[in-house]
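Participant: As a plain string of letters, each chain reads:
There are 2 protein chains.
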Amino acid sequence: MTDASSDSLMPRLKRLREVLLMGPGPSCVPPLVYEALARPTIGHLDPAFIDIMDAIKDQLRELMGTGNRLTIPVSGTGSAGMETCFVNLIEPGDTVLVLVNGVFGQRMTDVAKRLRAEVDTLEFQWGTPVQVEAVREQLQKKEYRIVAVVHAETSTGVCNPVAEIGEVIRPTGALYLVDTVTSLGGMPVQMDAWGADALYSGTQKCLSCPPGLAPISFSERAVQKLQARATKVPNWYLDLTLIVNYWEGAQRAYHHTAPVNMLYALHQALGLILAEGLENVYARHGTAHRRLVEGLEEFDLEMLVEPGARLPMLNAVLVPDGVDETAVRRKLLAESGIEIGAGLGPLAGRIWRVGLMGHTARPENVDRFLDALSDALNDPACRRIG
Amino acid sequence: MTDASSDSLMPRLKRLREVLLMGPGPSCVPPLVYEALARPTIGHLDPAFIDIMDAIKDQLRELMGTGNRLTIPVSGTGSAGMETCFVNLIEPGDTVLVLVNGVFGQRMTDVAKRLRAEVDTLEFQWGTPVQVEAVREQLQKKEYRIVAVVHAETSTGVCNPVAEIGEVIRPTGALYLVDTVTSLGGMPVQMDAWGADALYSGTQKCLSCPPGLAPISFSERAVQKLQARATKVPNWYLDLTLIVNYWEGAQRAYHHTAPVNMLYALHQALGLILAEGLENVYARHGTAHRRLVEGLEEFDLEMLVEPGARLPMLNAVLVPDGVDETAVRRKLLAESGIEIGAGLGPLAGRIWRVGLMGHTARPENVDRFLDALSDALNDPACRRIG
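Just so you know, the protein sequences line up as chains A and B, in that order. All residue numbers for the first sequence refer to our numbering, where the first residue is 778 and numbers rise by one. All residue numbers for the second sequence refer to our numbering, where the first residue is 778 and numbers rise by one.
Just so you know, not all the hints are guaranteed correct.
Note: identical chains are not told apart, hence a pair may lie in one copy or across any two.
To be verified - Derived PhoX-like pairs (lysine-lysine); straight-line CA-CA distance at most 25 Å: (1) K918 - K1009; (2) K791 - K834; (3) K1009 - K890; (4) K890 - K918.
Since the hints were made in silico from the structure, they are not lab data.
Please take these sequences and the hints and turn them into a complete structure.
Facilitator: So this is what it looks like as structure tokens:
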């Protein structure tokens, strides 16, 4: 039997305490977003709910810098957004170029290959940005249907030059697919100005909404490619040709039951960002980032990424020699209630990933983290032996 | 600009009122589940969260009547559960038999075909159950890798004889895939006793949790088929060979960021069901169903389905001649705050679907609905002209 009790919260939920979420996501959730999440569930075809859906589409367009009609949250986490963009746009044999300088570029490659695309990659050293000239050269060598890149590489803290990459793609006619999972809501995203044709994000980074939804947007060109498919999208759940009939038009046709309460939370989270003002929100991320970097430098800690390519919301900090990186993370979480992230892939054990995303990106959080980190670095239990 | 205000709930969320959800899902959510949903978000690799994940797996096994190790909630709605089962088990050319007597059997067919299976269907009249003898005959004619059926057909209110179907499948060696989206938590589900190899459900029906998660379970035989695949699962997001490394074992490997708060809600919802006791919960659904049918009979309304094949939690009521079915549903929602569902496909306009799922399945809700329906049937505005 489980430890259920019919008149109170489950013990594991009761025991939960607020954690200062300074990892690679989820980020801290504002109280009003929790309040939104717990509003009464209504039907997914209720006119009051359809009104909320329409408002979310407008909010997302503003945040993404796009006028695209097809701009909706997909019913899955950020990775479902990636899957949605690729599965709707790829037909078997399509040529795809993925620009890879971290885990999420690698993941794009894996996703596209599973869909039977002919995938090439251009690889750049992890911790450095994509080089636009290399992209230009590759595009002169071969014709691609789709070129894909990650704006903010969450695994390394690198910002890729998506506007410049868009410029070299435009003359080739390829569709341009951009991952903005970590950037959206924390730094300018200008989908239309970049010439991006498909864009996806997640709710649990700079939107400061719990994980569970993936905002996406398709340009008219992307929609045309979708409509011209010779074969059905090989994924019923994420088939945008069906999903749009629920999200658009006067008559909304049931596809799957929308995650109603998560959408309440997203509506509120987007409302908070737009009310604060995009420029203010981005400035707050920048200020918190600079405060963090200055504080780390006082401890003689180094960043993985060169200043010009650093993301404000994801800071890759090199673990100093002699420090047990796992022990530090454990101590921060257990004793200070602060979560930071570990490195992934080749950076596992070499970096910490310190997130300053959305609601988390505030000076008092930076200071609290720096104090706790200072304690950990001075703790003999956090030294590595041998 | 949107109508955001930084210090209060968005107006559309503030305006939301409790609706008595008596449609085909979502169902009414108990207050403790809303409370669970709004607990503080923590990291998806936080030990406290992994503890909740492990508890959910145990709760699901109890509810599903299975000892299967691979028993987890997938990060999408019920339809993502369907997609997960098919995409992990099907390889191109696999023979699949789908037993179809409603929308969700049809959907299974569509999903399987997109995955390049060789799909046959056995069709039964909508509103009647699958006939076991017809299944037996078909299985003698041809060898199948997978046979799929819906336990509780949400589009018609029919209960299919899944235990008996399992008996005729067992000797053939085919994998047996059962949709329990609407049945789980409202009537006995005995995955192991049925000999089912893959099972999926949704949270927004009899679990009375908001929509957004899809509990699934795979038998050892299903896991073996998965592990023996010649090709990667053509869907990265729902690839169980990767997802299990996050849900199982001592070292949890990040796959995608789990929908943390939705999982809190599921843990609480399952806890409430198990604390009430499965037999009590099923009896409550049966009692509410009988009260509803008796009440409808007093209005001379008829059910689509014969008594022996009726589901307790989804009641298909024939719309009487001369009644405007849309006007009735609109009036119920606008004036009484009660949502019921419309018919789908060939049953559109012919039936109402009255849900008695989970927290909704209570006598006072049945009575409130019957009173409101009586008013609507007597309202000249709900008569059809011509």
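Participant: All hints are to be evaluated individually against the structure, with a verdict given for each.
Facilitator: Cross-check of the supplied hints:
1. K918 - K1009: Neither. Shortest intra-copy (31 Å) and inter-copy (30 Å) distances fail the 25 Å Cα cut-off.
2. K791 - K834: The answer is between: 19 Å across copies meets 25 Å, while 35 Å in one copy does not.
3. K1009 - K890: Both, since 18 Å and 10 Å are each at most 25 Å.
4. K890 - K918: Classified as within: same-chain Cα gap 21 Å, cross-chain 37 Å, threshold 25 Å.
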